[in-house]
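J.: Protein chains in written order, with numbering that gives the first Met the number 0: chain Y, 0 to 142; chain H, 0 to 142; chain R, 0 to 142; chain L, 0 to 142.
Hints were generated in silico from the structure; no laboratory data involved.
Be aware that one or more of the hints could be misleading.
The list treats identical chains as one, so a pair stands whether inside a single copy or across any two.
Here are the simulated lysine-lysine pairs, BS3-like style, with alpha carbons at most 27 Å apart [as the list claims (entries may be wrong)]:
| # | residue 1 | residue 2 |
| --- | --- | --- |
| 1 | K109 | K49 |
| 2 | K140 | K22 |
| 3 | K140 | K109 |
| 4 | K54 | K109 |
| 5 | K126 | K22 |
| 6 | K140 | K56 |
Protein chains: 4
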Amino acid sequence: MKKTESGEIIRFGVSMDEVLLSKFDELITSRGYTNRSEAIRDLVRAELVKESWAKGKTSQVALLGLVYRHEHGDLMHRLMHLQHEHAQLIISNLHVHLDSDNCLEVLILKGPTETIEHLAEQLLSTKGVKFGQLMRATTGKEI
Amino acid sequence: MKKTESGEIIRFGVSMDEVLLSKFDELITSRGYTNRSEAIRDLVRAELVKESWAKGKTSQVALLGLVYRHEHGDLMHRLMHLQHEHAQLIISNLHVHLDSDNCLEVLILKGPTETIEHLAEQLLSTKGVKFGQLMRATTGKEI
Amino acid sequence: MKKTESGEIIRFGVSMDEVLLSKFDELITSRGYTNRSEAIRDLVRAELVKESWAKGKTSQVALLGLVYRHEHGDLMHRLMHLQHEHAQLIISNLHVHLDSDNCLEVLILKGPTETIEHLAEQLLSTKGVKFGQLMRATTGKEI
Amino acid sequence: MKKTESGEIIRFGVSMDEVLLSKFDELITSRGYTNRSEAIRDLVRAELVKESWAKGKTSQVALLGLVYRHEHGDLMHRLMHLQHEHAQLIISNLHVHLDSDNCLEVLILKGPTETIEHLAEQLLSTKGVKFGQLMRATTGKEI
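Generate the whole structure from the sequences, applying the supplied hints.
T.: Take a look at the structure:
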């Protein structure tokens, strides 16, 4: 494995009961992993991302998914207005017309934990928004 | 409230202890709700969406978020290849260059529960993908 | 409905599309609810409990479940030692011998959010503990 | 490390970027781990337990936590009745008087995924139960 942008690759040993290991191998094979190291790195990274949100890091990346009825009163204007008030938080938007009534909108957010969570709450509570969820992702740095 | 695309609006009564109700009012006000009905509808919808995934419905909408290093070997080709094998599942993609190394990609997926979850696993286990998560959303129909 | 220990019962109206309402009725019937009010109160309470943990309240109740191999080195002593260091947090313990090797232990914890979470981490990371999870419950007050 | 009840101990190598590894070491130290192997085994086990519930295994162990007002109508009788109907599922119970009104009850359940989840829903939907949650644990076998 060659050097990455982040640092040297270190190799260390892990001990595991053969029964546990064979169950793990079975699981990761079914998920498409071709080696254990990558599966273990993914578990480690997922844990670090979760921790970074619990600790309220100042630089986060998140996805906000919203499903709404586009014809609901002035919903479009209110969503647009809220987004423009926080324009510096929103990297980009993707909009999909799910059917004649329903839209899916995805916002890519970058900023501090609290600011992202507050904007998400404001958008989710807007009348006409039927579904909303925040995916707490990562900048990809240091992991 | 006028009629929606779905059906008539029905009004029913809910009984609640005043202490519980005042805690609820406080919570929803802080989240930006202007009335209780909408907050309650959102709780109900969220529960129905969760249930529909648990029951394995055949028509779902989901967002898959991936953070990866674009220069990682032939990752771009493998991701592209996997996506084209499942092209009928993927409505659209949004790509963001997070920094010189890291990319964020969002896939909008539509299809049966199991097929979506299987594709998500295959993409998440691809080497070079640092973070991946599936947001189980909704078509917006009937809710 | 008679008065509870908490306060007066208030009745208020909720508006809901008939399609959404019929899906909700179907869901709660399958879960054993006999009326909507109780199902809605449960959704509201669950949301308040979740919020109270997110906000780090000072008086919480939690369950910690641990599955471990009782013969693993000095595990029993270490678990006992850790618990006695935090005796004021632990209301009681329930122990079940799952099979010849495995034990299940449940700790009922009462105290501030952070102290509970810290003790849980210390117990979960003890070698020999195979599974551990914290259920963030409630004192039941005000909800 | 000596042999366990389950099988031989196998040692294998894991490659990790030094930046990722140092973040991981920092996280696990703060959680009280004294070596990486145990932290990695715990991540692996947690993933296997989650998977076993998603796949609906026939032999599971779970904890059900309930908080309720003991004086709520005939709640005690209904809870008792429901539990006796499923007596073969319930290994034991722990009851704590939280205050003059509120009780915490913990049920240790053992059985098939679906049966456990169904009983949990029936108990949670009982009127007077303010909070209920199911902790999906493990028999401890093979992990």
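J.: Regarding K140 and K56, is the shortest C-alpha distance of 27 Å or less found within a copy, between copies, in both, or in neither?
T.: within (12 Å within a copy, 32 Å between copies)
J.: Quick one: K126 to K22, C-alpha cut-off 27 Å, is that within a copy, between copies, both, or neither?
T.: between (47 Å within a copy, 20 Å between copies)
J.: For K140 vs K109, is the C-alpha pair at or below 27 Å within one copy, between two copies, both, or neither?
T.: Result: close within a single copy only, 13 Å intra versus 30 Å inter.
J.: At 27 Å max between alpha carbons, let me know whether K140 reaches K22 within a copy, between copies, both or neither.
T.: Between copies, since 11 Å is at most 27 Å while 31 Å is not.
J.: Evaluate K54 and K109 at a C-alpha cut-off of 27 Å and name the case that applies: within, between, both or neither.
T.: Both, since 16 Å and 22 Å are each at most 27 Å.
J.: Give the relationship of K109 and K49 under a CA distance limit of 27 Å: within one copy only, between copies only, both, or neither.
T.: both (16 Å within a copy, 25 Å between copies)
Hint compliance for this structure: every hint is met.
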